[in-house]
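Going down the list, the protein sequences come from chains A and B. Just so you know, we're using numbering that gives the first Met the number 0 here: the first sequence kicks off at 0 and counts up by one. Just so you know, we're using numbering that gives the first Met the number 0 here: the second sequence kicks off at 0 and counts up by one.
Worth flagging that the hints you see were computed from the coordinates, not collected in a lab. Note that the structure is predicted; figures quoted are calculated from it, not measured. Hints may contain errors.
[Stated by the list, open to error] Only pairs whose alpha carbons sit at most 16 Å apart, straight line, appear in this in silico EDC-like list of lysine to aspartate or glutamate: (1) B:K200 <-> B:D186; (2) B:K55 <-> A:D96; (3) A:K55 <-> B:D96; (4) A:K149 <-> B:D95; (5) A:K67 <-> B:D96; (6) B:K204 <-> A:D50; (7) B:K55 <-> A:D95; (8) B:K10 <-> B:D32; (9) A:K144 <-> B:D125; (10) B:K67 <-> B:E5; (11) B:K55 <-> A:E161.
[What the hints assert, rightly or not] To give an idea of the interface, some chain A residues facing chain B are shown, with a C-beta separation under 10 Å as derived from the structure: (12) R35; (13) D54; (14) E134.
Ideal Cβ placement from N, Cα and C applies to all residues, glycine included.
Number of protein chains: 2
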Amino acid sequence: MSTPYELIYWKGAPARGEHIRLCFEETGTPYSDTARLENCNEIVPQYIKADYLGDKSTPPYYAPPLFKHGDLMISQTSNILMYVAPKIGLAPKTGDDIYKLNALALTALDGLSNEVHDCHHPIAHDLYYEDQVEESIRRSKDWVKSRLPKHLGFWQRVIQGESSGEGPWVYGGNLTYVDLVLFQCIDGVLYAFPRAMKAAKESGKYNRVFELYGAVKARPRIAGYLASERRQEYTIGIYRYYKELDVVAEDSS
Amino acid sequence: MSTPYELIYWKGAPARGEHIRLCFEETGTPYSDTARLENCNEIVPQYIKADYLGDKSTPPYYAPPLFKHGDLMISQTSNILMYVAPKIGLAPKTGDDIYKLNALALTALDGLSNEVHDCHHPIAHDLYYEDQVEESIRRSKDWVKSRLPKHLGFWQRVIQGESSGEGPWVYGGNLTYVDLVLFQCIDGVLYAFPRAMKAAKESGKYNRVFELYGAVKARPRIAGYLASERRQEYTIGIYRYYKELDVVAEDSS
Chain A
0 MSTPYELIYW
10 KGAPARGEHI
20 RLCFEETGTP
30 YSDTARLENC
40 NEIVPQYIKA
50 DYLGDKSTPP
60 YYAPPLFKHG
70 DLMISQTSNI
80 LMYVAPKIGL
90 APKTGDDIYK
100 LNALALTALD
110 GLSNEVHDCH
120 HPIAHDLYYE
130 DQVEESIRRS
140 KDWVKSRLPK
150 HLGFWQRVIQ
160 GESSGEGPWV
170 YGGNLTYVDL
180 VLFQCIDGVL
190 YAFPRAMKAA
200 KESGKYNRVF
210 ELYGAVKARP
220 RIAGYLASER
230 RQEYTIGIYR
240 YYKELDVVAE
250 DSS
Chain B
0 MSTPYELIYW
10 KGAPARGEHI
20 RLCFEETGTP
30 YSDTARLENC
40 NEIVPQYIKA
50 DYLGDKSTPP
60 YYAPPLFKHG
70 DLMISQTSNI
80 LMYVAPKIGL
90 APKTGDDIYK
100 LNALALTALD
110 GLSNEVHDCH
120 HPIAHDLYYE
130 DQVEESIRRS
140 KDWVKSRLPK
150 HLGFWQRVIQ
160 GESSGEGPWV
170 YGGNLTYVDL
180 VLFQCIDGVL
190 YAFPRAMKAA
200 KESGKYNRVF
210 ELYGAVKARP
220 RIAGYLASER
230 RQEYTIGIYR
240 YYKELDVVAE
250 DSS
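If we strip away everything but chain A, and leave its shape as in the complex, we get:
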């Protein structure tokens, strides 16, 4: 028996855990996922409650996703990905390429996940969206106008660059976990800002980015996963749809 991979994350939306799930799904690697358990909302808080001090070899962590592999428990999406990806064929096992991949993964998660979350929570993570609607509209207009083209343009350059190698992928001519991260980020932004993303696609400026998105989505195991019950719907996680935030650049002036 190989050591099991255990994802500890909330249920109810794909959110940050999804990047990790996609790695296991693409490679057909068995993994457990608290999101599939009835009592998920009792398990996860045990690890982050205000009096939890970890154990002899493991510090307490601030927030899920958490990840267990044997005696090791770690947190932070990008960190979990760079730990697990080389073990399941989604990053080189040796050499320094992993640091280039991690730089790219962090950039996708910063720009196309964290920044998007803050479009509906610009003032306070702990307040409801309804308590920061006006600020969210202002932020979303600016984000769609200034940041979205900057991020899409960046990824277009990455895929156009020589280091991306042959094929649709981000780095080195092979599918890596960063392609899956970027897919999930683009998928989330398509859900949150469909009007702006439609305009971005039709502009023709980011064809390589949308080609990568399509190439990941069409992979048999990914397609099977997305059609399965294991793929959760977007609800109130990182990526949310609010009609008043679904703006295009021309709405900003």
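Keeping the supplied structure of chain A fixed, place chain B upon it in accordance with the hints.
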């Protein structure tokens, strides 16, 4: 000659590059730093301009800090730290502890650096502070009331936990790069929110965190560095002082 360590970062404030500088300063490791060059503001943009595609083995990166070591060039603060720290004695060279340290480093940078930056830029990174003052006040009041105690309480727990080992440090009974990261984060928050941090210190709830801060600050090489011309002043980087944002929890209601 050993391969030189080269930091490529803006001058004008400690900001994200500072976490990397502190590692080299603490260990007395030679490094170059574009912030010390007259033409810094001509060098850095070469790597991030909108038509730069990287080279055969290196993708373009989104933003500095960038870091060169021989043929390798990488970006992202936490990524650079986890690459370099094991090489200069600030993290174990083997085993999986580096993933625990990286989880903690990411948590400090998220909570006590990125979140603090967004206190003066809640609406748009690319707009001036003056264009988002009202939103910044609202965000800062909430941050000081809800988030600051949560973050300080988390780090207090980490240092109280068994995995921190003996002494004032975060993990394993030895100084690691995460202690330097946490020091720099606390130093920045002390600059940005002196009233709230004074109240936090006087509360006695976070003594271990302030002890770690003092222990790092008193280390001879760190003290020497902080007193040197190489240590830049806080100006308009991540950590800024605006009187109207210097609030305490009681200001929020």
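These are the hints, each one checked on the structure:
{"no.": "1", "hint": "B:K200 <-> B:D186", "in the structure": "13 Å, holds"}
{"no.": "2", "hint": "B:K55 <-> A:D96", "in the structure": "13 Å, holds"}
{"no.": "3", "hint": "A:K55 <-> B:D96", "in the structure": "13 Å, holds"}
{"no.": "4", "hint": "A:K149 <-> B:D95", "in the structure": "35 Å, violated"}
{"no.": "5", "hint": "A:K67 <-> B:D96", "in the structure": "13 Å, holds"}
{"no.": "6", "hint": "B:K204 <-> A:D50", "in the structure": "13 Å, holds"}
{"no.": "7", "hint": "B:K55 <-> A:D95", "in the structure": "15 Å, holds"}
{"no.": "8", "hint": "B:K10 <-> B:D32", "in the structure": "9 Å, holds"}
{"no.": "9", "hint": "A:K144 <-> B:D125", "in the structure": "11 Å, holds"}
{"no.": "10", "hint": "B:K67 <-> B:E5", "in the structure": "5 Å, holds"}
{"no.": "11", "hint": "B:K55 <-> A:E161", "in the structure": "5 Å, holds"}
{"no.": "12", "hint": "R35", "in the structure": "24 Å, violated"}
{"no.": "13", "hint": "D54", "in the structure": "6 Å, holds"}
{"no.": "14", "hint": "E134", "in the structure": "5 Å, holds"}
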